[in-house]
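K.L.:
From first to last, the protein sequence lines stand for chains S and B. Heads up: the first sequence begins at 1 in the numbering used here, then just goes up one per residue. Heads up: the second sequence begins at 322 in the numbering used here, then just goes up one per residue.
No lab work stands behind these hints: they were computed from the structure. Heads up, some of the hints might be wrong.
[Claimed, not checked] Just a few of them, taken from the derived set where beta-carbon distance is under 8 Å, the chain S residues facing chain B:
id : residue
1  : Gly-210
2  : Lys-230
3  : Tyr-238
All residues carry an ideal CB built from backbone N, CA and C; glycine is no exception.
Protein chains: 2
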Amino acid sequence: MIRWGILGPGHIAHKFAKDLLTVPDATLYAVASSDQQRADEFAGQYAIPHSFGRYEDLLTLPELDVVYVATRHIRHHDDAVMLLNGGKAVLGEKPFAMNLAQVQHMVDTARSKRVFLMEALWSRFMPTLLKARELVESGAIGQVTGVRADFGFKAMFDPEGRLFDKKLGGGALLDIGIYPLFWSYFILGMPQSIKATATFGSTGVDEQVGIIMTYADGEMAILDSTLRAKTPCEAFVYGTEGLIKVHGRWHESTSLTVERIGEEPETHTFERATFGYNFEAKHVMDCLTNGQTESPLWSLTDSLNLMTLLDQVRAEAGIEY
Amino acid sequence: MIRWGILGPGHIAHKFAKDLLTVPDATLYAVASSDQQRADEFAGQYAIPHSFGRYEDLLTLPELDVVYVATRHIRHHDDAVMLLNGGKAVLGEKPFAMNLAQVQHMVDTARSKRVFLMEALWSRFMPTLLKARELVESGAIGQVTGVRADFGFKAMFDPEGRLFDKKLGGGALLDIGIYPLFWSYFILGMPQSIKATATFGSTGVDEQVGIIMTYADGEMAILDSTLRAKTPCEAFVYGTEGLIKVHGRWHESTSLTVERIGEEPETHTFERATFGYNFEAKHVMDCLTNGQTESPLWSLTDSLNLMTLLDQVRAEAGIEY
Numbered sequence: 001m002i003r004w005g006i007l008g009p010g011h012i013a014h015k016f017a018k019d020l021l022t023v024p025d026a027t028l029y030a031v032a033s034s035d036q037q038r039a040d041e042f043a044g045q046y047a048i049p050h051s052f053g054r055y056e057d058l059l060t061l062p063e064l065d066v067v068y069v070a071t072r073h074i075r076h077h078d079d080a081v082m083l084l085n086g087g088k089a090v091l092g093e094k095p096f097a098m099n100l101a102q103v104q105h106m107v108d109t110a111r112s113k114r115v116f117l118m119e120a121l122w123s124r125f126m127p128t129l130l131k132a133r134e135l136v137e138s139g140a141i142g143q144v145t146g147v148r149a150d151f152g153f154k155a156m157f158d159p160e161g162r163l164f165d166k167k168l169g170g171g172a173l174l175d176i177g178i179y180p181l182f183w184s185y186f187i188l189g190m191p192q193s194i195k196a197t198a199t200f201g202s203t204g205v206d207e208q209v210g211i212i213m214t215y216a217d218g219e220m221a222i223l224d225s226t227l228r229a230k231t232p233c234e235a236f237v238y239g240t241e242g243l244i245k246v247h248g249r250w251h252e253s254t255s256l257t258v259e260r261i262g263e264e265p266e267t268h269t270f271e272r273a274t275f276g277y278n279f280e281a282k283h284v285m286d287c288l289t290n291g292q293t294e295s296p297l298w299s300l301t302d303s304l305n306l307m308t309l310l311d312q313v314r315a316e317a318g319i320e321y
Numbered sequence: 322m323i324r325w326g327i328l329g330p331g332h333i334a335h336k337f338a339k340d341l342l343t344v345p346d347a348t349l350y351a352v353a354s355s356d357q358q359r360a361d362e363f364a365g366q367y368a369i370p371h372s373f374g375r376y377e378d379l380l381t382l383p384e385l386d387v388v389y390v391a392t393r394h395i396r397h398h399d400d401a402v403m404l405l406n407g408g409k410a411v412l413g414e415k416p417f418a419m420n421l422a423q424v425q426h427m428v429d430t431a432r433s434k435r436v437f438l439m440e441a442l443w444s445r446f447m448p449t450l451l452k453a454r455e456l457v458e459s460g461a462i463g464q465v466t467g468v469r470a471d472f473g474f475k476a477m478f479d480p481e482g483r484l485f486d487k488k489l490g491g492g493a494l495l496d497i498g499i500y501p502l503f504w505s506y507f508i509l510g511m512p513q514s515i516k517a518t519a520t521f522g523s524t525g526v527d528e529q530v531g532i533i534m535t536y537a538d539g540e541m542a543i544l545d546s547t548l549r550a551k552t553p554c555e556a557f558v559y560g561t562e563g564l565i566k567v568h569g570r571w572h573e574s575t576s577l578t579v580e581r582i583g584e585e586p587e588t589h590t591f592e593r594a595t596f597g598y599n600f601e602a603k604h605v606m607d608c609l610t611n612g613q614t615e616s617p618l619w620s621l622t623d624s625l626n627l628m629t630l631l632d633q634v635r636a637e638a639g640i641e642y
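Please take these sequences and the hints and turn them into a complete structure.
P.N.:
Structure follows, in structure tokens:
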């Protein structure tokens, strides 16, 4: 039995909580919000025994095993560090923090305290994306020549909302641009060069971001994200003998198609009844059960690398928070 | 009746000639190659009355109305200028020439001689792409936020071949990268900023090219082309109320789908029995019949603009010939 706490009972926490109900041996044990009533309502909805109106009260429960941090981007660092210093294992929503320095500090804290810490890069644990990488590694599409991924949705413009507020880390890059970057990293690792451009909306946030990266063997990544339009949200791996297409929306996809040149396309489907947060949650629980303080599948080095890419894109595209 | 000449009876000239057979009032009247036998064979195949082993011999036929120039990239400028100076109307294959200075010289020559000149940007005349722009202009997808297009195929590596020879203008950009650039220009016009990256193969040509451009209202173009892999070859226009997807291979496509947010997708199909060169040929004939020396649909200014973009991408990506 692993006892979960939830810090920040917002939209994403609801989806996470629902998925957690499907994971064997997972117990929703505590929830904390800056607003006691909000915490109580969330607790009532999921039959959670402990609810708090202060984040740090989660530390009053010695039997609590791990906390899922789902606060706003700008709080991720402070909330994670508070929990780690209190000895709590942390699964921290993406973006893991606002910049590399913050992530480095979180990693240093976790390592010095010997406490488990992982970025909630849920797509990393999706069976469909794992299958894509397995196919790539098996040589199904020959030598990889590049990747492409887009992520765009039409955000309701709300100048007061988090997504359009620079001070809260709003904009496309941290919210959704991180997914195409993850895809490139998942398939190709770290690039040799990065070019990136953003266009900005009336509140100053990056509403559209385009990224081109190149790699040691001349591979190329073409990535884009936007808050202005619904795009297909497809991810591709291109190879010398064919391509893999992960169907939209790829970051949570249940199917992919392999198109080998000269052959009939072949589709692999991975139906599920959840949003898909159960896979990362299950992995965290396995790590905790095994006494691991770091995931072997999405390591802290992976998180540092991904944030390094985000920082480099910001610098290239002139995105500031 | 319009009498056509063909200069450079290669692969593309064969397709053009076949399509021309379907165009009312078009006559294949002459063909010229640097190799008389090659010209004769082509003439025999399409029942062309005149065949020459020297390009300039086309000028010996006063009744010849227009010449389709389908030589190698590096010859386009010289061949077009020779014909224009001889008073022949010219439809010149893309890339129109190797750089902006050459295109400017061709344009100056045509204008001073008052002779018709047009770039063979055949996709510009495809009913499917015209429909896409008509839909955009009618507001079918709201305000345009950006475009995306890819063009990739797995080229057989031949270090002696034109496509891999820098001196012959080989590489992805001039051969196929021009199509995504055309798409962006066709929908959004000239950009405010361009970032581009290329990766190079063993012979030094650009084998992969990625391009990001931004526009006055924050629109973005995401374009990529590659000789290393077969990519979907799809083109998109994104808008605030939906998207238009031109199905692969988009530059010669017979169908597109409009996906308006919250509505069922709607597909428009334009079947044809030709490769699609007939549309540009028909337009050239209309211009000649009307006494026009420049196309109102794909003007010389359009060609100058497209070559300006190609030159800027080259400079950004470090592509040299």
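K.L.:
Each hint should be assessed against the structure and marked as holding or not.
P.N.:
A quick look at each hint next to the structure:
A distance limit of 8 Å between C-beta atoms decides the matter here; for S/Gly-210 the minimum to chain B is near 4 Å, and the interface restraint holds. For the restraint placing S/Lys-230 at the interface with chain B, the shortest Cβ-Cβ distance is roughly 6 Å, inside the 8 Å limit, so the hint holds. Checking S/Tyr-238 against chain B: minimum C-beta separation of about 4 Å stays under 8 Å; hint holds.
When each numbered hint is compared with the structure, no violation occurs for any of them.
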